Structures are given as C-alpha cells and as structure tokens.
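A.B. asks: Chain by chain, the residues:
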Amino acid sequence: MSALGELRTLARGRPKGPPGLRSRKPRNEWVGYLFLTPWMVGILGITVIPMLASLYLSFTDYRLTRRRSPRFIGLDNYERMFTDANWLDAVGVTLRYVVFSVPLQLAVALGLALLLDRGLRGLPFYRSVFYLPSLLGGSVAVAILWKQVFGYEGLFNAFTGLFGVAPKGWVSSPDTALWTLILLHIWTFGAPMIIFLAGLRQIPRMYYEAAEVDGAGRWRQFRSITLPLLSPIIFFNLVLQVIGAFQSFTQAYVISGGAGLPANSTLFYSLYLYQQGFGSFQMGYASAMAWVLLLTIAAVTGLFFATSRFWVFYED
Amino acid sequence: MTLPPAAPPAPPVTDPPAPQTPGPPRPPARRRRHRGTVRAVLKHVWLIALAMTMIYPLIWLVVSSFKPTDTIFRNMSIIPDEVTLANYTNGWHAFADPFSTFLWNSVFIAFWAIVGNLLTCSLAAYGFARTRFRGRGIMFAVMLLTLMLPFQVTVVPQYIVFKELGWVNTVLPLIVPKFLATDAFFVFLMVQFIRGLPRELDEAARIDGAGHFRTYYRIILPLMTPALAATAIFTFIWTWNDFFTQLLYLTSLDKKTAAVALNMYLDASSTSDYGAMFAMSVISLAPLFFVFLFGQRWLIRGIATTGIK
Chain W
1 MSALGELRTL ARGRPKGPPG LRSRKPRNEW VGYLFLTPWM VGILGITVIP MLASLYLSFT
61 DYRLTRRRSP RFIGLDNYER MFTDANWLDA VGVTLRYVVF SVPLQLAVAL GLALLLDRGL
121 RGLPFYRSVF YLPSLLGGSV AVAILWKQVF GYEGLFNAFT GLFGVAPKGW VSSPDTALWT
181 LILLHIWTFG APMIIFLAGL RQIPRMYYEA AEVDGAGRWR QFRSITLPLL SPIIFFNLVL
241 QVIGAFQSFT QAYVISGGAG LPANSTLFYS LYLYQQGFGS FQMGYASAMA WVLLLTIAAV
301 TGLFFATSRF WVFYED
Chain G
1 MTLPPAAPPA PPVTDPPAPQ TPGPPRPPAR RRRHRGTVRA VLKHVWLIAL AMTMIYPLIW
61 LVVSSFKPTD TIFRNMSIIP DEVTLANYTN GWHAFADPFS TFLWNSVFIA FWAIVGNLLT
121 CSLAAYGFAR TRFRGRGIMF AVMLLTLMLP FQVTVVPQYI VFKELGWVNT VLPLIVPKFL
181 ATDAFFVFLM VQFIRGLPRE LDEAARIDGA GHFRTYYRII LPLMTPALAA TAIFTFIWTW
241 NDFFTQLLYL TSLDKKTAAV ALNMYLDASS TSDYGAMFAM SVISLAPLFF VFLFGQRWLI
301 RGIATTGIK
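Protein sequence lines, in the order shown, are assigned to chains W and G. For what it's worth, the working numbering labels the leading residue of the first sequence as 1, then goes sequentially. For what it's worth, the working numbering labels the leading residue of the second sequence as 1, then goes sequentially.
In case anyone wonders, no lab produced these hints; they're calculated from the structure. Note that the structure is a prediction, hence the values are computed from the model and not measured. Treat the hints with caution; some may be incorrect.
Some chain G residues close to chain W (C-beta under 10 Å, calculated; not the full set) [what the hints assert, rightly or not]:
#	residue
1	VAL45
2	ILE48
3	ALA51
4	PRO80
5	ALA125
6	VAL153
7	TRP238
8	LEU248
9	GLN296
Computed list of chain G residues with no C-beta within reach of chain W, every gap over 10 Å [stated by the list, open to error]:
#	residue
10	VAL107
11	TYR126
12	ALA232
Just a few of them, taken from the derived set where beta-carbon distance is under 8 Å, the chain W residues facing chain G [stated by the list, open to error]:
#	residue
13	ILE43
14	PRO50
15	LEU115
16	PHE246
Glycine residues also receive a C-beta, built at the ideal position from the N, C-alpha and C atoms.
The whole structure should be built from the sequences, with the hints applied where relevant.
C.D. replies: Quick look at the structure:
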C-alpha cells in the first residue's frame, strides 16, 4: 500500500496502527520504544520543536545578524507579504510552475507507460533510458547543462535553427525562462512512468479480454478500465508531485544565479524564502513565509483528499 | 487497488511483460499480423526518436567536455573535430582547492548519510512493524505525515540551533539528522518490506529464546537486503544531488561539496570557461550514472513499490 493509501486508512480509523499484530492480545512492549528512540529524538528535535519554533518566530521580528532576541510583532510578517511585490511574484511563479509542470509530466509519464505496457519488446531498454533523466534531473550539473542548452548560443537554438527559426535566449527572457524549468521537470517523467507501469501490471488482463468480447474499443477500454483502476496511483503521484513542486529550489537557483532572474520570472517560493531567511537573515519573515507554504500545501492536499471520492476509484 | 509490498515473494519488476493474449482467431490472419508488425516498427521508431531526443543533451554535455572550450558553441555536433583533456585539467584546478576536495566532501557526507539511514530507519521500521506499544498508531501516522512536510517550515530554527551549537560550516548538520531516522520514506519502505516477511520466522526465533533485538539483527536485517539496498542507493542519489542544505551549511571553500562547487563555476565570471564547467559536470554526474548502471534493479523496484522519485 502506498504511503497515502496508508494514511487514508488510518484517517478512516479502520485498522488501528499498522496491520499485522492486531489479532494478538494487547500488550505494551517497552522494547518498541527502544527501537524507535532515534526516530523519536529526530521527530521531536529535528521536526516538531523546530516547527513550533518556526511558528513562534513567524510572529516576531528576528534578524540573526543583530544579535537581539526576537521581538513580538503579531501578524505584521503575514501582512507584509501581501504588500511585498516580490512575494506576490514568487507566489505567481510557483503556482504557474505547479499547475503546468506536474500535470504535464504525469500525462507524459502515463502516455509512455501505456505505450510500453502492452507486451512491447525492449521494455527494459526503454524504461532505463527514460528513467535516466529522473535520476540526474535534480542535480546542479543538469541545471547547468539546461542553462547552456536553452541559452542564446545553445543546443536548442541550434536545433530550431535548422528549421529557420530565429534564435532566442530562452533562459534570459522573462516570458520563457519558467518554461525551460517546466520542461526540465517534464524531462524527468521516468520515475512516475515506472510507478504507472507497475500499476498497469496489476490490472487483470481478463478485464480487457471481457471488454474486447463486448466490443469495447481501445479508447473505451482506457476510459472504463485503465483509468479507474489506475486512479489511486495517479492520485498518489499527483499529491506527492504537487507537494514537491511547491518546494522546488535547486534548478531555479542554479539557472537564475540565485536571484530568480530575469525579472523575477524564476523566483520560486523557496528561492525567495532562502533569500529572505539566509540572504538578509530576516528569519521571522522567512518563517512566516514557510508557514504560509505549509498551510497552502496542507490546503491543496486536503482538497485532493476531499475530492478524491469523486474521481479516485478504490476497489475496497 | 494497491501496489504490492517490496517483499521477496513479489514478482521481480524486471520480468518480461506478460505475453499478448492470443485473441480469438480473426481472418484474415496474415494481413493482421503484417499490420501488427508495421505498427510495432512505427512504435519503436517513435520511441527511439524520443529516447534520443531526451538523452541528446547529456551526450552533448559529455562530448563537449572533450572539445576545446572556444569551439563548444561554434560546433554543436556530437562528433568533435578535436579532442582535448584540457577542460578536465583546467576545471580540476579552477579554484584554490582541487575538485577532488569537493568530490571527497560529497562522498564523505553521502557515506555517513547512508550508514545513518540504514541503521536508524531499519530500527524504526522494525519497531513499527514488529512490536506493539502504546501510541504506535499515532506515531506511525505522524511518521507518514512528515513525508508531506515542506522542509522550509523547519529549516530556520534548525539553522539557528546548528549555528548556536557551532555546527555551521561542518558536516554535522548534514549527517546527524540521518542518524535520527528523519527520512520517513525509508522507514516506510522498510516497514512495507518487513510486513511482507513471514511472521513464523520471528516466532521460531522467539521459541529459540531470541529477544527482539536478536530477531532484528539475525533474522529481519539479513532478509531485508533489497530494502536496504534501495535505501542506500536512494540516500546516495539524494545526498549527491542535494543542494539546499549543502549550500546553507557549508560556507568555506574547502568544505564545499561537488554540487555547491559546481554552481561556483557559473558564478565565477561572466566569461566562464564553459569547457571546464562541462568537464566537472560530467565528473559529478559520473557516480550517479554508475549507480544507475549497477543499482537499477533496486532503484526500479524501490520506485515501483513506494513511489519514491
């Protein structure tokens, strides 16, 4: 079961805790806490306490450089965001990135998974080649490469030049810079493709055979069998990819030299947060920004879960 | 519909695809077979074209790294007119510290991150999957929720604490959290795997007088090698590709990792030595590529079962 499936079951409160020992007599095994000691220290020290500290800092004016303790300023940081033109730019850029890169990447991944699924020769070869970019895509090296490929003198212009298209500085133009990053994300469709392939393999062949006997065409089979049975996996991918896309940092940082250039067109939310928190050390403001991000992600995830019963098909 | 656990009985993902079911014979058979072949060929042509397009930039990167730096953007072809290693020597010594320092720093951090994750995530996973204690359900849910927590919401206080501890510009902020099972993905992956192992094994060990730690160490750990391999490989890739935390915590040149150093080639000047930058990019991608070549089986299984990127 996927992590999200697991959460869904836990939220519904059907089986208590991980299944397995449920039938045995209830007993408190102290040794369990021993196994979980490192995790408990981590969850408190690295996650929960810093989270609470960050929430507190978000209501303060705290600049690490000034060596002064945080000064409580109420909601000022939150109000400030809505008059901060850069913040508004960052929100716009990030939303556009999430809305375009995630569905496009998943669509490509699903399309290729379908193409590769039906007993195609050379599947391991294609799967490897298509997966390779996923592995490398998060690196600084690939971001550097991307900047050169879509630069004015780059590979992409050399290619389009063959068809007589005038060269353009894709990375240096505010209209297109974000699209090069979206394209980079789509380029890494291999990982979700593999998840889709694994999911497709779980669909019993006999459903398709039965549909064929009933005279259903390819498209009908896709709509009525593949899509519903794959919908939990699509859901799972969508949620995780959206959460990840909201936090994108490396590629934008490398391509824009850490500044979100040109004209804030690649100023990802994380990048702006980094500038505020660790460039000018306005840690109160950065914390408030982080909490807005968290609440946004929680709201979007919640929305996905709430609507899931209309479009995600669970067999159980 | 759910994905199977990454248990040994699960069919290996590398299996050949299920053969196409021979449907009811429909005349005319020969023409149909012919059409099927044409369609398959077209499909392959299309797929190979796509694969080439996707990989082409990488090939271009590698080839360009061997071209004299002033010819890289003049001749885009992947057949170089002239082959040189100058970019590699120039890139290696572009900064006060040689590139080997940065590579070593990356390797060092990745190594300890792997050790930490293997040790503490497997302990936590055993605790979740095989012991019963009060609060286990809640803790498990919290663990799953941290999968969705944006790191930005903890990074500011973490930084302040690490700074107070004097850990900034050391590897500790990058390594110590790995010894606290903070990568929930791996805990989850291992929980899934352990659940797929037959419980009779534990019970047999119990009858022979083994406690939980002995069962963990002697029975479960050896059996979960595939999950451990996936964890090690993914930890390596993530650490190698990590940029944010390394950028944040490693400030002096001699502490920088390959990823952070690579970014400095872009910053260095507007008239960058592209050849040197490409050459060092190739070097920093090479370990990932080898992991890809030799660890693919674990990678693909790991992705397919947990949805790790």
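A.B. asks: Would you mind marking each hint as holding or not holding in the structure?
C.D. replies: To see whether the hints hold, each was checked on the structure:
1. VAL45: G:VAL45 check fails; min Cβ-Cβ to chain W is 12 Å, beyond 10 Å.
2. ILE48: holds (9 Å)
3. ALA51: This hint holds: G:ALA51 lies near chain W, its Cβ roughly 4 Å from the closest one there, short of 10 Å.
4. PRO80: violated (15 Å)
5. ALA125: holds (9 Å)
6. VAL153: G:VAL153 check passes; min Cβ-Cβ to chain W is 4 Å, inside 10 Å.
7. TRP238: It holds, given that the least Cβ distance between G:TRP238 and chain W is near 8 Å, below 10 Å.
8. LEU248: Nearest chain W Cβ about 6 Å off; hint holds.
9. GLN296: Status holds, d = 6 Å.
10. VAL107: The claim holds: G:VAL107 sits with its nearest Cβ about 15 Å from chain W, beyond 10 Å.
11. TYR126: violated (5 Å)
12. ALA232: Since the minimum Cβ distance to chain W is about 15 Å, G:ALA232 lies beyond 10 Å and the statement holds.
13. ILE43: holds (6 Å)
14. PRO50: holds (4 Å)
15. LEU115: Because about 7 Å separates W:LEU115 from the closest Cβ in chain G, which is inside the 8 Å limit, the hint holds.
16. PHE246: holds (7 Å)
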